[in-house]
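**Q** Chain by chain, the residues:
Protein chains: 2
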Amino acid sequence: MEMRIVALESLPEIVPGDDLARLIAEAAEREQRRFEDGCVVVVGQKIVSKAEGRIVDLAEVRPSPLAEAFARQHGRDARQIEVVLGQTRRVVKMDRGVLLVETLQGQVCANAGVDASNVPAAAGGSERVTLLPRDADASAQALRERLRLVTGRDCAVIISDTFGRPWRDGLVDVAIGCAGLRPLADYRGRRDRQGRLLRGTVIAVADELASAAGLVMGKTAGRPVVLIYGAPIELGEGSAQEMLRPPERDLFR
Amino acid sequence: MEMRIVALESLPEIVPGDDLARLIAEAAEREQRRFEDGCVVVVGQKIVSKAEGRIVDLAEVRPSPLAEAFARQHGRDARQIEVVLGQTRRVVKMDRGVLLVETLQGQVCANAGVDASNVPAAAGGSERVTLLPRDADASAQALRERLRLVTGRDCAVIISDTFGRPWRDGLVDVAIGCAGLRPLADYRGRRDRQGRLLRGTVIAVADELASAAGLVMGKTAGRPVVLIYGAPIELGEGSAQEMLRPPERDLFR
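Taken in sequence, the protein lines are chains B and Y. Note that this note's numbering has the first sequence beginning at 1308, numbered continuously upward. Note that this note's numbering has the second sequence beginning at 1308, numbered continuously upward.
By construction, these hints were calculated from the structure, which means they are not laboratory data.
Note: identical chains are not told apart, hence a pair may lie in one copy or across any two.
In the EDC-like style, the derived pairs of lysine to aspartate or glutamate whose C-alpha atoms are separated by at most 20 Å in a straight line are:
id	residue 1	residue 2
1	Lys-1526	Asp-1499
2	Lys-1400	Asp-1557
3	Lys-1526	Glu-1309
4	Lys-1526	Glu-1541
5	Lys-1526	Asp-1493
6	Lys-1400	Glu-1555
7	Lys-1526	Glu-1320
8	Lys-1526	Asp-1422
9	Lys-1526	Glu-1316
10	Lys-1400	Asp-1384
11	Lys-1526	Asp-1476
Construct the entire structure; sequences and hints are all you get.
**A** Have a look at this one:
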């Protein structure tokens, strides 16, 4: 079994209103990379947010007392904290400078995915940040349909972001949106090589694909779109929401 | 940028004392897969444990009252719980049937990595489980040196296992041991495409490589060795211990 993971190198800087599918298809054509039915297109959250205009100019944000207090205590920008709180439906931890929240869409991550890196400043020079897509599954589905129109191929789409985790240092890429594949591979009920029933083995395939893609995206290289060929995925409808553990089954919320 | 991820298909069942490097090299030769300097060899924990004889026959285990109590309450095998506790230096959560611990080597995972799947029963028919390697970094380093002798190539080696995580359903593969590569890629001090300093961006490259490899390993397919070509890694000395967040910096222990 063999999987190939290819980063596109020639995507332009994305701005609000861009037709991401067309730009991706054009970059692939320039680079002689082919779309195939069943291949996986992994797209970094940042360019999806940019294309969707999910950008906030910090000059226009008025921080609340809560944001001011946390920012003062930890040397953070109160306006950015305010933006984070506006994307939050529950605070998981607000401690030692870490603001870990459950976002409006249910992702548990630092700073609600609000991020200033690789976002050009506003025309007046003030700093801007991106928000996560409002509904990353819908973004993935729309991109998938538009890619099918533009390329004639039926690909799965994953929108990825880079998250921390407890207990382990270093960030990893995960899938915050997906379309056209089952994000979880459920081995329960299957048997191992000794014929023993596998219990509780459900693999987060979409997250592992996002991590594989993250390796070739890099963080400063401007390669936010990755094609994966030969991935052992189950095609079909699927939502990244399936990978969010409900709070009542979670031991750390 | 392109990365290729190839699973070996013809490895035999591993037994204690096996020369894993030789068996891996032979399988690669049968399948006409080449070792290259700088390629990454990802090996599933289970076969490393088997080769090292890290196997416990449950018929020989006498459970403690603590193991008995937890097993009775949650329908688990008290002997297996006893084995788990014997591999534990701290219990992180013992709740709702979940036994999440810090292992003797510092990994935080369910059941201390003790696992019955894909482990043949003992001669007398009793169930056996594997333990994690005693020192997975040392196992990776030994395998790397032996592979260099057998193949003449200097590869990095990762030993992977499949862990759960809070907040997200589905397991992902992580690196519990490594040799010959830097497990963390530290972008701090580098600049993004707008020239802004990146703060706090450290990527767990070894975990992402383990996840990428996990996709092609599968769980029931008998493909526990994966070669990765073209991975953007930094060669050098490195230990998977670097990815373990010290308890004093951890908000969830």
